[in-house]
Amino acid sequence: MKKERTGDNSRPYKLAHQILSLTGISFERRSIIGFVELTIVPLKDNLRHIRLNAKQCRIYRVCLNDQYEANFQYCDPFLDICQKDPHTRSLEDFSQFHLSAARKVDPDNNSGELHLQVPDDAAHLVGEGRGLRIGIEFSLESPQGGMHFVVPEGDASLVEKSAHMFTYGHSSRLWFPCVDSFAEPCTWKLEFTVDECLTAVSCGELLDVVYTPDHRRKTFHYVVNTPACAPNIALAIGPFEPYVDPHMNEVTHYCLPNLMQILKNTVRYLHEAFEFYEETLSTRYPYPCYKQVFVDETEDDATAYTTMSIMSTHLLHSIAIIDQTFISRKAMAQAVAEQFFGCFITMQNWSDLWLAKGIPDYLCGLYSKKCFGNNEYRYMTHQELQEVMQYEEQYGGIVLDPWQPPASGSRDECRDTFYFPVRNVLTMSPRYIEVMRKKSHLVLRMLEQRIGQELLLQVFNKQLSLATNAANTKIGSGLWGHLLLSTNLFVKAIFTVTGKDMAVFVDQWVRTGGHAKFTLTSVFNRKRNTVELEIRQDSVHEKGIRKYVGPLLVQLQELDGTFKHTMQIENTVVKADITCHSKSRRNKKKKIPLCTGEEVDMDLSAMDDSPVLWIRLDPEMSLLRTTVVSQPDYQWQYQLRHERDVTAQSEAIDALHNYPEPATRKALTDTIENEQTFYKIRCRAAHCLTKVANAMISSWAGPPAMLTIFRKMFGSFAAPHIIKQNNFDNLQHYFLQKTIPVAMAGLRNIHGICPPEVVRFLLDLFKYNDNSKNHYSDNYYKAALVDALAATITPVISVLQPGAPITADSLSADTRLVLEEITRVLNLEKVLPCYKHAVTVSCLRAVRRLQQCGHLPSVPAVFRAYAHYGQYIDVRLAAFECLVDFVRVDGRPEDLSSLLTTVESDPDPGVRHGLARLLVTMPPFERAQRHRLDTEAVVHRLWSNINSHLSNDARLRCDLVDLYYTLYWVKRPHCLPIPEMQAMMKQLHHKRKDDREAKRPFLKRKLDVEPKVEVEFPALDPIPPLTTLEPMPNEDNLPVPLSAIKEEDVKLDITTLQDMPIRVYSDDSKREFISDNAVPLPGIPGTSGPIGFEPGMFKHERDELGAPKAKKKKKDKKKHKHKHKHKHSNKDKSKEHKDKDRLTPRPSSGLEHLKIKEETRETLSSFSSSQSPSEDISSMPSNMSF
Amino acid sequence: MSETTEKVENSCDARRRILNIAVSTVLLETGFSSSDKMALETLTEALQCFFTELGNSARGYCELSGRVEPVLGDVVMGLINMGISIQGIEQYATRPNRHVIQPLQQAQAPRTPAMLSAGSKAKPGIHIPLHLPSLPDPHAYIRTPTHKQPVTEYEAIREKAATQKRDIERALTKFLAKTSETHNLFNTEDNQVFPLIACKPTFPAYLPCLLPTDQVFDFDELEYHFQVANRTEDLPADKKDQSDNEGENGADNENANNSQSETQDIPSASSPERSKT
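Just so you know, the protein sequences line up as chains X and B, in that order.
Each residue of the first sequence is one higher than the one before, starting from 1 at the first, in the working numbering.
Each residue of the second sequence is one higher than the one before, starting from 10001 at the first, in the working numbering.
Just to be clear, a hint being listed does not mean it is correct.
Pairs of lysine to any residue, SDA-like flavour, derived with a Cα cap of 25 Å [stated by the list, open to error]:
{"#": "1", "chain 1": "X", "residue 1": "K830", "chain 2": "B", "residue 2": "A10161"}
{"#": "2", "chain 1": "X", "residue 1": "K767", "chain 2": "B", "residue 2": "K10160"}
{"#": "3", "chain 1": "X", "residue 1": "K712", "chain 2": "B", "residue 2": "E10155"}
{"#": "4", "chain 1": "B", "residue 1": "K10200", "chain 2": "X", "residue 2": "S905"}
{"#": "5", "chain 1": "X", "residue 1": "K462", "chain 2": "X", "residue 2": "G478"}
{"#": "6", "chain 1": "B", "residue 1": "K10165", "chain 2": "X", "residue 2": "P720"}
{"#": "7", "chain 1": "X", "residue 1": "K543", "chain 2": "X", "residue 2": "D618"}
{"#": "8", "chain 1": "B", "residue 1": "K10165", "chain 2": "X", "residue 2": "F717"}
{"#": "9", "chain 1": "B", "residue 1": "K10200", "chain 2": "X", "residue 2": "E153"}
{"#": "10", "chain 1": "X", "residue 1": "K830", "chain 2": "B", "residue 2": "T10182"}
{"#": "11", "chain 1": "X", "residue 1": "K264", "chain 2": "B", "residue 2": "L10211"}
{"#": "12", "chain 1": "B", "residue 1": "K10165", "chain 2": "X", "residue 2": "A813"}
{"#": "13", "chain 1": "X", "residue 1": "K370", "chain 2": "X", "residue 2": "T596"}
{"#": "14", "chain 1": "X", "residue 1": "K830", "chain 2": "B", "residue 2": "V10151"}
{"#": "15", "chain 1": "B", "residue 1": "K10160", "chain 2": "X", "residue 2": "R816"}
{"#": "16", "chain 1": "X", "residue 1": "K189", "chain 2": "X", "residue 2": "R130"}
{"#": "17", "chain 1": "X", "residue 1": "K767", "chain 2": "B", "residue 2": "V10151"}
{"#": "18", "chain 1": "X", "residue 1": "K767", "chain 2": "B", "residue 2": "A10156"}
{"#": "19", "chain 1": "B", "residue 1": "K10200", "chain 2": "X", "residue 2": "N258"}
FYI, nobody ran anything at the bench for these hints, they're computed from the structure.
Chain B on its own, in the form it takes in the complex:
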């Protein structure tokens, strides 16, 4: 969009520059050595209007006579119709000391942007004669995904998750450290590098510690997990005494119903017979 308007402006500029040159040449011929910019512009504007008007009426005449392209006669008619005498115009055009405007250099044509190519072009089938144009990009006739394939590499995912988490935490703690009181580990006044958020006494002090908020657990689900799904107490005795050492919560090993799918790399841990509850 913006590209086209720019081009229009460019061409306008070029045309107007020519008109400008023309007006200046005439002025020089007439004996002026300099002109006001305003005056020059006004004259250029007037000239441009004149040409526009002339062109319009020439096209009118041409169309009136059933043609699509104006001929010289149409222009003459236009001039006459505007009340301009065409007497001596030939002489004027061939006057001896006229200035010839240098032909403009061909402006470099703006490069057309390359077509977006997606995928490699398919070779035409053998049934298609060679002279026919080659096939268009494959996305023109098959589905192409509009987003990038997510990274599936385990390492990268973990890396990214860790970095993200760390960034969030760092930003949060930095913000808090800046907005609240801090302890200083050094004897210096400046406490920008390693600020410690000051601790505030709370009453009663045990509540936030016994009911931590660092992680959100669904206790009902956990209860189900430990008490029902993974209960080892009801197992026959011979299996039970294997869990002797760590008989805590009755949930000392395999997680039966949880997210094994996410981390497929967990090697199945000890004593497989206990997982079958």
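With the rest of the complex left out, here is chain X:
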């Protein structure tokens, strides 16, 4: 075996066992105090340095074998990622620093934040193969990531308030020191001491619950005998109510108080998932128990850990809820699948992430196929394929395993296609991870097609049985490596089991990014009775698309049946003549056989001579590809009507958008009405029909599209215009009943407005909605109706004078009705809330829609109220969606800044992440458009977040990197002054700063205090106003770079501290470095100070340095107060000055600057920038592009 450097052999030791004991868990302080003991087995005798992972924890003491105290250093490069180049604001640079920071703490790179040194007198403890115990005492206060405390406001007791805490993400270093690698499994002993009324749920088997001597607290003892890696360790503490699964008593579910009934309903079918996986993989579930904990305020719906999953409490639903059932059941099944792959068998390197994500997805896919049906499965796969392709075309090809280049090895171009490093999970965009997961699933599905499902499952089975054997051994056996899976091992295992070498496949799809794109055109040659196909790959040089070489399946539906032809794709253009099997003979009335073996009658009148009914490319989705098939409209219509595959139907619907004609209308209508068709296709057909109807509005005859269908299906017998009482027992009808009104609301008449008939129809649906006899809740239906109302709204045609305020009286009659309905249901929801406040969510969007179209004044106050902490999460996110949209359209800088504040500091991590994603999808301003929100302050704020403030929340940091990219791309943001200028202006500032010492400050900057930058120029300006000039429209480029002073300060600090580990706190003022309960820790008698390197140790120096600054700040504040008065008195005057100053024309004032330059050189030579002044001067005018 060649010695390859992998995740599990990069460290000079193996981890055998770890004890984690948390004693002081305080909900009031949101803190924990704990102790870990890692038993490691060194692999060499001269092990002197041990690197472990620990973040945001405070380490008190490190002890070897309980005897020898070890020195330790703590360095977290994420605290200031761009330390080497603090002035850069470009993502290009950031990306490099980001990756190197992640490398510096990557345990698979034998590094970590915590650097232990084995003291000389303890050197004898270290010996190859001898266990060494490392004990670490630590505490953690107000964690910013990894662990979340949910403590609702109010005076009630913890239990009454349902206060609880849990860990999230797969980054255990955030809450205890460990080897935070998926490649280092070990056995565990976990102890948690909690209040007597609370329950601690964690990984492994619960051995014992012991009361403390005072009987006010109890300790839960868990052991994990199956080796598990640290990222898969989790904890949840709260007043949970347990429910033992009635079908499998190894499975326990926990929920928060009052939710037991819906918990029972939600988990009703979980045992089926277990049975399915065990049967499919023919392996026993690898652990002795399984726990599901439902908690509030999670980031994700479900996260799987060893023997337990932490679920969102929002997955719970009663038996009367329909839509949520699909989501919840799938999320839970997914978490169970991850127990097998992802928890039990983990990845060897980050490069194998695709296996750890893809295999459970694949298994879960098989389960959903069984649970929800084949159509659902195929449809989902098709959607995933489209999503992945779209992402790749937008951002670049995803390489699932980028560490090892493909054997053919020519292409390396994909490396730098992304604006974030794809080689470490800490630096990947969350969206990328999501898409990558989907791609992994698709690739595994392709593999299934290549080697067959049975054999693939045998491969899994082999891995699992190897791992099960290994898990029962001790570490000494050296078999724990079988618990890890890598791409190479996987390929090898496939070869062993099947005898097939999949290396080429892996090279093609796993180690190379991108997908293929085929364009197919066909001509029927009547003379020779052939179809001349042409398959082109024209766009191989576009982003995310690459050339494909290999077989490609073309499926022709002819009059005589379905015929498959495998084409060899070797070039970008491939031409082939396919002889048709059937003569053109549509006069003979004969049934036409389909690929399923069915024979159907078709109306063939639309066809011309060709016997081909339709053509499909790669029908089984056995490649990662997009296809563009050109065929005439009637072929698409045949495909929609008669092809049985949902993917074909859905592609046909996509294509039919372009053919607005009566035949299309008929085909779509028939599809909607066809009870045999998959319901999602029917729903899509409805939406497509909306577009088709709108396109052929001038020739449309009869009632609005779908009105008749709806009345036929849902109108009551005696009075078709009145909808039947709701009965959702037929789920297909239920989904149609929800969809058709929304689709109809999209209809427009010749004037571009929604036909009044449709509006009346919708209002009647509201009026006659009667759910009293239904077995299901109609909350989603009601929400869909509100959505439909919102969709009817079109931009206002105002009779008012422009600028006149919009009042209730100025609304049009239709709008009044719509608004009346919306307010009524929204108000009603306050008294009779429906499940998940689905109606409120839709109402908020509808109100925003009314605002967008100018029917209502664009007032964000309502949304702000709904966005507050304490509202339901779905409602909050909807409100934020409206707010983000508001900011984009008519927001002021303060509005944007308050959104950013929420992203930074909302109590709910799910909202922080969700809002960040919203900002990415709906950016507040376009890049480089000189938008009024595109200010320097925003740049600096985002930058300081990604650079340092979000060091403990990798996911949110990467979210903001995405946002930064959306707003500024990879280069330096346009709104920032050019660096050369900046350097020059810096000097100018220092000059002014000196002046300030003598006189008074003229510039005030409070970026840290308030997000908005305010600059006030006093009446006394050092630069006398020059000749007045034409005002320039650009307001963004202040000639005075505001950041200059601040940055200079920071730089000063950094240079003095550069050789030492850096710890910069975002909010140093708030933190106490030694908490009260830190003092009495054993082993440090009498010392309250830090031992070893402590977070914030260097703060003193900083403080000392910063002392004058602080004073200054105070002074500034006073001045500021004073200035306010001043400002009022001659506001206009100062404004004038400001303007003049801002607009000081550079090119013409070259002399002026020269003068300043000279001055600075004399006075402040020590602050000179890297460039010589002469260079500055020469480069300056050319760069002055305002």
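Following the hints, position chain B against chain X.
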């Protein structure tokens, strides 16, 4: 009831008016040109009392002598008994310059309300001679419902139910909007037209949302409905794979035991074989 008292009052009035006129005439004759209203009333009252007394005693005499109707003699006896001389009464009655009171116009007799007729009168049978009175209203001899027949028209019922529900909801939300804090959708001060009830944060926020109260479900019954009555899992395989697409909850179609009767118009939905569980 009220009608009769009114009539009594009317007749009293008429009588009293005549007395009034009589007294006034005498007063005029005697030479008065005007009189106090009080005095006139007193005199009228006195006259009325006198007549009442006279009538009473006349009836007494009449009954004493075994008759039922008083004759002139009885009146004379009454007068004499009251100590009133009847000398010259004839002359007085025929005095030359006496005033004659105009005979009162016949007061219009109050209309008797029409008899409540219910139903159409039945024709008398052939065995009943024609001269006999016609039959009374049918309700006099058969059962007639005392309330209106309810409207059975589906459309009207739905209309009414919908209107009622909407009215209740509207009243409730209006009330709440008036009594609690509101959000305003407009920039105006006045928030009467479309008030939105302000949202209040709740802790924990998930409870009311996961346990909604907009509808009351009997979960045990639903459980029975979905888990027992309509379970499709135990069906033979060939029937089961039809429910492939929507195999959710095992309750994807026909409701076996529920209220089909109320809405008869539900056309029986897809695949009938699955309803027979």
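Pair hint outcome, X/K264 versus B/L10211 [Cα-Cα no greater than 25 Å] = Cα-Cα ~13 Å, so holds.
Straight-line alpha-carbon gap X/K767 to B/K10160, limit 25 Å = Answer holds: X/K767 to B/K10160 is near 11 Å, not above 25 Å.
Is the hinted pair B/K10165 and X/A813 satisfied, with a Cα-Cα distance of at most 25 Å?
-> Since the Cα atoms of B/K10165 and X/A813 sit roughly 23 Å apart, the hinted pair holds (cutoff 25 Å).
Given the proposed pairing of B/K10165 with X/F717, does the C-alpha separation stay at or below 25 Å?
-> 22 Å, holds
Given the hint that B/K10200 pairs with X/N258, test it: the Cα-Cα distance must not exceed 25 Å.
-> 21 Å, holds
B/K10200 and X/S905: Cα distance at most 25 Å?
-> Distance ~21 Å between B/K10200 and X/S905 Cα, so the pair holds.
For the pair supplied as a hint, X/K462 and X/G478, confirm whether the alpha-carbon distance does not exceed 25 Å.
-> With a Cα-Cα distance of about 18 Å, the restraint between X/K462 and X/G478 holds, given a limit of 25 Å.
Taken at face value, is the distance from the CA of X/P720 to the CA of B/K10165 at most 25 Å?
-> Answer holds: B/K10165 to X/P720 is near 21 Å, not above 25 Å.
Sort out whether X/E153 lies within 25 Å of B/K10200, counting only the CA atoms.
-> Holds, at roughly 13 Å.
Straight-line Cα separation of B/K10160 and X/R816 no greater than 25 Å?
-> Distance ~23 Å between B/K10160 and X/R816 Cα, so the pair holds.
Has the given pair, X/K767 with B/V10151, been kept, meaning a C-alpha gap of at most 25 Å?
-> 20 Å, holds
Given pair status - B/A10161, X/K830, alpha carbons within 25 Å | OK: X/K830 and B/A10161 at ~22 Å, within 25 Å.
Comparing the model with each earlier hint shows a violation of hint 14 alone; every other hint is respected.
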